[in-house]
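> Keeping their order, the protein sequence lines are chains A and B. Residues in the first sequence are numbered consecutively from 1, following the numbering used here. Residues in the second sequence are numbered consecutively from 429, following the numbering used here.
Simulated from the structure, these hints should not be mistaken for lab results. Heads up, some of the hints might be wrong.
[Stated by the list, open to error] Coverage of chain B stretches by chain A, computed from C-beta distances (three or more under 8 angstroms per stretch; other residues unrestricted):
#, region
1, 438-451
2, 464-473
3, 487-500
4, 516-528
5, 536-544
6, 690-696
[To be verified] Some chain B residues judged to face chain A by a derived CB distance under 10 angstroms, without partners named:
#, residue
7, Ser476
8, Leu532
9, Lys742
10, Gly745
11, Pro749
[Claimed, not checked] Computed footprint of chain B on chain A; a stretch qualifies when at least three of its residues, placed anywhere within it, have a C-beta under 8 angstroms from a C-beta of chain B:
#, region
12, 86-93
13, 259-270
14, 343-353
15, 380-388
No residue lacks a Cβ here, since even glycine has one placed at the ideal position from N, Cα and C.
Protein chains: 2
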Amino acid sequence: MKSYNTMSRDELAKEKDALAAAFAAHKAKGLSLNMARGKPGNDQVQMSMPMLDVINSSSNCSAEDGVDCRNYGELTGIADAKKLFSEYMGVLAGEIIIAGSTSLTFMYDCMARAMLTGVLGSDKPWAKEEKVKFLCPVPGYDRHFSICQFLGIEMINIPTSTEGPDMDMIEKLSADDPLIKGMWCVPKYSNPLGITYSDNVMRRLAALKPAAKDFRIFCDNAYAMHEVYRDVPLLNLLAACKEAGNPDMVYLFGSTNKITFPGAGLAFFAASAENIAFTTKQLSMQAIGWDKINMLRHVRFFKDLNGIRALMQKHAGILRPKFDAVLQKMEKELAGLGAGEWIKPNGGYFITFLAQAGCAKRIIGLCKEAGVAMTEAGAPYPYGKDPDDSCIRIAPTFPSLADLGMAMDVFCAAVKLATVERALEQAS
Amino acid sequence: MKSYNTMSRDELAKEKDALAAAFAAHKAKGLSLNMARGKPGNDQVQMSMPMLDVINSSSNCSAEDGVDCRNYGELTGIADAKKLFSEYMGVLAGEIIIAGSTSLTFMYDCMARAMLTGVLGSDKPWAKEEKVKFLCPVPGYDRHFSICQFLGIEMINIPTSTEGPDMDMIEKLSADDPLIKGMWCVPKYSNPLGITYSDNVMRRLAALKPAAKDFRIFCDNAYAMHEVYRDVPLLNLLAACKEAGNPDMVYLFGSTNKITFPGAGLAFFAASAENIAFTTKQLSMQAIGWDKINMLRHVRFFKDLNGIRALMQKHAGILRPKFDAVLQKMEKELAGLGAGEWIKPNGGYFITFLAQAGCAKRIIGLCKEAGVAMTEAGAPYPYGKDPDDSCIRIAPTFPSLADLGMAMDVFCAAVKLATVERALEQAS
């Protein structure tokens, strides 16, 4: 197909009429579809149903060290869960806390505690600083940014390439400004780009020399084993930080919410033994402990790391055709049109479409008119502001394959129409 | 027996020698017992084991409105759980959030959020005030006080009678000082006194006219159905606050941690619809939702409020002999000695012993020497400081009846020895 870039004004006008007519036909179908939700499909959660059988009324509910999982105690989690999930997180058993059911809540809690009391090594609570700033690789996870916004932490956009965030910028900014207290990152199959940080990026992160001595990398390894097409190895950031003499600089987060049951999974916090000791002492002011029966349930269901791997391979088998469907539609409908680009991820939960600048809001608005809900434009950026109005996060995991096909037809039609509309505006 | 008060110096000296010898015999037994832990006994948690069967791999995991409890969503909890537990909390279904697994964590979280951002009606975050103060009826729950101490909130002791806290003092202080932002209370079978606030106290609480317009009563109704001897009715504080024109002044907390499984229960936050809406909006920044499978498990296990009542009657049947054992030992060993007083509670988890002033630390120290762990002296007071060094919290729920008998023998012997030692000091 001819690229819109090469079309004359008249050709564009004609094309627009044709595309508008095609789009009206989509609207007339009265669809109600959703590609906004980064949640597992029903067939994925169904695979963990046997986990609900491993603990029942006749079960021994003792952890391996004899702790009764049905009663109070074990603030940082039962030994069995620490053993399995420290391996999952790539840390030692003394470097993990099994922290409730959802990692997002614990990330918020870590940030809130830092604001209220500071972290290990802080001179004062972050909230007592004149201002607190965080570095935010973009596009990124909207809920990370919401936490900062809610707590009044100023966010600084860091552009991201397929290698990871712009390290020159991160090194310079963090070294210069003591009010920059940390950064967010999702280093593997990132939300939404689906990229994995290169070893070089991970080593440079670990070797940062921030002006703030209580700088923390909030590293949300949400998709550690969530491959779709290919397992991409990720350098262990805690190990790298130790090597670089920065053992306390990183907080690692993880969870089984996209492994077993969203909401009813386990959350993990991993860090240096010193960070763990400091955090445990603080946590003892706010918690007695979390659901140990659910910890035991997870451990008995998976048995070992291979148990987790095996389940995640099954998930990949379900997700691959869905990702294929999205990518193939884009290839078929949009390749060569100059109507935007997309990145094929190796894993994770999203596909990012980068529309022509100034088109994302319109595309998403058009989709909405035709009954296809997309993640809000701007959502992957701090303050909901995409400076280029270009980035669109597509979540292919929850809809059925059939729904996904219909939704992508609408999406591609919207992309074409919005791109041509924009080209016409610019031509006039 | 002759009261120590009426003994001469010589009589006391002789008595002390006898008591010291008796105590040495206790120490020689090499016991290892614990009356410090306010946790259910194994036989209590055993009663909830059938709850682990009601959801299994063949279960329909949909809530009554069709929500899939195995996937993301429903930040404030599933409708079924809101229905049952709003009834448990004595509020409407729109006045409750099912907030994770433990109420203490949610109480901390409410306080942390108030400090960071303020509550509904705040002009600014509490942490931006020159200082924040909280009223603390004493003796009270140590973990409430730890939250304040951790967050730098100044605590003011409020004496408590069997009717409840000193309302004259609370009314005056809260009306005079805008930096007093709230108060703690455990209105039913209170920790540790076991008293229940009178209707008059509850009405006066509801009718407070605090100088701080964003004053909040953190009302931890931890023992709503936890009778041991007698169900004592408690006036509904949210209803009373509404009547008094203060609908937003109270936060109610509750939990099933001492009903089903400590750590693996459900936590409840109840308040006016306006507080719920405000809090829900804030929570959406820090959470996607909590474990809905565990909510469904609770609802299907209990079915209705009578299901909870029936279980709590069984708990009472287990706890009564334990409370009896403690009270009878004290009656037998200590009545008439002038060695302290105790309050017979109608429910809850504790029995309070009020030693002669200046004796609590020594009694607890002696118990420790003889292998009987007691709650630390001072723990039921802000900053761990009991001004009279008198209050001792006895937790009879976890030990077996046999252990409890042995532990109480040691305790009573320690009380006698410490009291006589003190009387001798004062006589010299």
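> What are the numbers of the hints the structure violates, in ascending order?
Going through the list in order, the structure violates hints 1, 4, 9, 10, 11, 12, 14, 15 and respects the others.
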